[in-house]
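Turn these sequences into a full structure, and let the hints steer you where they fit.
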Amino acid sequence: EVQLLESGGGLLQPGGSLRLSCAASGFTFSSYAMSWVRQAPDKGLEWLSAISGSGVATYYADSVEGRFTISRDNSKNTLYLQISSLRAEDTAIYYCARHGPLLSSVTTNWGQGTLVTVSS
Amino acid sequence: EIVMTQSPATLSVSPGERATLSCRASQTVTPNLAWYQQKPGQAPRLVIYGTSTRATGIPARFSGSGSGTEFTLTITSLQSEDFAVYYCQQYNDWPRTFGQGTKLEIK
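The listed protein sequences correspond, in order, to chains A and B.
Heads up, this note's numbering is the position in the first sequence plus 19, with the first residue counted as 1.
Heads up, this note's numbering is the position in the second sequence plus 2, with the first residue counted as 1.
Since the hints were made in silico from the structure, they are not lab data.
These numbers come from a predicted model, not from an experiment.
Some clues are possibly wrong.
[Claimed, not checked] With a straight-line Cα cutoff of 20 Å, these simulated SDA-like cross-link-like pairs (lysine to any residue) come out:
#1 A/Lys62 x B/Val87
#2 A/Lys62 x B/Ser9
#3 B/Lys41 x A/Gln22
#4 B/Lys109 x B/Gly18
#5 B/Lys41 x A/Thr127
#6 B/Lys105 x B/Thr76
#7 B/Lys109 x B/Arg20
#8 A/Lys62 x B/Thr12
#9 A/Lys62 x A/Glu108
Rendered as structure tokens:
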């Protein structure tokens, strides 16, 4: 069974940084591309970033490029999202999601999310 | 980026009836259009991908159709568990983009 478990969220101050993690199990992690998607309180879904199985290829939403960095450690079956210069509008639930076999595939499995709250 | 527009924002339908949700893309995305279902407090769940293919475990009352820039999710014989928010997403180009969602509520 595919399992994705996000962690690293919490209450943070504006201007700070954090790293979110997504621990994967139940599949060969290195064979699948992964994405991060967020959802602000009572808002819709916003795709943020994707990374290929090898980690070589990465893509970002225009709104976060330069401030967010996606990475992965295939030896630890873990996906990461580094966020810098935190803003109040970064407050959201952050989901990791697994693609199908290709980076171009649809996202088929989602974690339960981790809540990030940015406030002074 | 490709802008996805869903309509209506809210759809009120009685159990047992049919619901039709629409999604429009600002440029062609065929066939790379997906639909997700999200219930309160839960993560999104893939319902339809490739415009018309049901995801694993999705009942046959869910169907997707469309091409080019116009897409539809149809749910026949609505069950209580179908009332949720539905999002369309294009995965034809980067960045991937979602529609703003349609809330399917009980009439």
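Checklist entry - What hints, given by number in increasing order, does this structure fail? => result none
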